[in-house]
Amino acid sequence: MVQLAFYAFAALTLIGAFAVLFTRNVLYAAFFLLLTLLGTAGLFVLASADFLAIAQIMIYVGGVLVLVIFGVMLTHKPERPTDASSQTPNRIASLNRVGTSLSRVLPVLVAGGLFMALYTLLRRAHFSLLSRPIGWESTIRTVGKQLMTEYVVPFEIVGILLLAALVGATYLAASPTKSSPHAAR
Amino acid sequence: MQPVDSHLFLIVGAALFSIGLAVVLFKRHAIVVLMGIELMLNAVNINLVAFSQYDPDRLQGQMLALFVMVVAAAESAVALAIVLQVYRHFKTAQLDELNELKQ
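Those protein sequences? They're chains A and B, same order as listed. Quick note on numbering: UniProt numbering labels position 96 of the first sequence as 96, and the sequence is numbered without any gaps. Quick note on numbering: UniProt numbering labels position 11 of the second sequence as 11, and the sequence is numbered without any gaps.
Hints are computed from structural coordinates only; laboratory data are not their basis. Here the structure is a predicted model, which means the values were calculated and not measured. There could be a bad hint or two in this list.
What the hints assert, rightly or not - Okay, the calculated bits of chain A under chain B, using three or more residues with CB under 8 angstroms as the criterion:
id : segment
1  : 38-50
2  : 67-73
3  : 145-152
Claimed, not checked - Just the calculated beta-carbon pair ranges, DEER-fashion:
id : chain 1 : residue 1 : chain 2 : residue 2 : range
4  : B       : V86       : A       : F155      : 32 to 40 angstroms
5  : B       : P3        : A       : Y119      : 17 to 25 angstroms
6  : A       : L147      : B       : Y54       : 16 to 24 angstroms
7  : B       : H89       : A       : L161      : 22 to 30 angstroms
8  : B       : Y54       : A       : G144      : 44 to 52 angstroms
9  : A       : R123      : B       : V86       : 41 to 49 angstroms
10 : A       : A125      : B       : L101      : 29 to 37 angstroms
11 : B       : Q85       : A       : A5        : 41 to 49 angstroms
12 : B       : I82       : A       : T120      : 34 to 42 angstroms
The beta-carbon is built from N, C-alpha and C at its ideal position, and this holds for glycine as well.
The shape of chain B in the complex, shown without the other chains:
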């Protein structure tokens, strides 16, 4: 099986990270912003896995990617709970409309 050139993985990772950053900056709905953060974490995982190909004995990149995945799952669970409470309080999840400290 002919392996793929690792530069291509890095370029895909860079593109995915930039798109995730654009989603975070551009979108107004809190949950879509969370999706952008997930995209950025995935881009980082692609980079880690691409470099981990050259380390088949210890696989440090893949192990770090595994831990990143678990932390991302924990992060998204807590963030969605917070978004839910914000929605209960303000009756909206659009970030631009959350402009009061107390209601």
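For reference, chain A alone in the conformation it holds in the complex:
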């Protein structure tokens, strides 16, 4: 039963990732990324990381993906003016890289070679850690305890980092032409 759920979530993750790779439409790629992120959250639950699964859904699906979709919409230049009654879906093309055939073969070679190398490595490697018995238990209590004791300094630092990054992103994304009325003083 758990094995079946694992294979289902792994298939969801990998199919979503392959669809991101093969689709030509940026908006569809964003929605397939949603599939991948949800599948990853399911894998987290099966690896007894239930808090991380919820955090994954809230941060990635609720935050990052919405940002990405905003980015797609804001950097879209329609080829021709469309009327609102049009029924065809908006097509935002992400063409594959142009150039010689080498520039198309090279990514496949690099990524496929990396996967084959990692796969053979994982098949041959013998982790003594992985032969230990494990059980499934909720980790929320431990995560909370660790965040407030052992990892309290990184926790605060990452909070400051996030604040600085979000303020910086807001400042960067603001339109430079429009100055606020207070800036004139």
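Assemble chain B onto chain A, guided by the hints.
Showing chain B alone in chain A's frame:
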């Protein structure tokens, strides 16, 4: 609840990382390249969580995965702001067309 063999998590993570790398190398739109980076970060998180199962007292892997998530959120916010400014300047977000230093 019978736990899943951890080798499978590692293989899924390896596959996801390779696909993310292929997306980064293959795609031309800046935002899709960012999506590839997110895929690679997710693959790393799967690996960390898979190994963290064997450390239920300290959960170092899960804590690192949590921090990776926060840093990824910050990274994507800043990167999208930069892509937005690049789009305002060059009127395109296709990476191959950004070939001038000054316009």
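Outcome of the hint check:
no., hint, verdict
1, 38-50, "holds (count 7)"
2, 67-73, "holds (count 5)"
3, 145-152, "holds (count 4)"
4, B:V86 / A:F155: 32 to 40 angstroms, "33 angstroms, holds"
5, B:P3 / A:Y119: 17 to 25 angstroms, "22 angstroms, holds"
6, A:L147 / B:Y54: 16 to 24 angstroms, "20 angstroms, holds"
7, B:H89 / A:L161: 22 to 30 angstroms, "27 angstroms, holds"
8, B:Y54 / A:G144: 44 to 52 angstroms, "20 angstroms, violated"
9, A:R123 / B:V86: 41 to 49 angstroms, "43 angstroms, holds"
10, A:A125 / B:L101: 29 to 37 angstroms, "46 angstroms, violated"
11, B:Q85 / A:A5: 41 to 49 angstroms, "43 angstroms, holds"
12, B:I82 / A:T120: 34 to 42 angstroms, "38 angstroms, holds"
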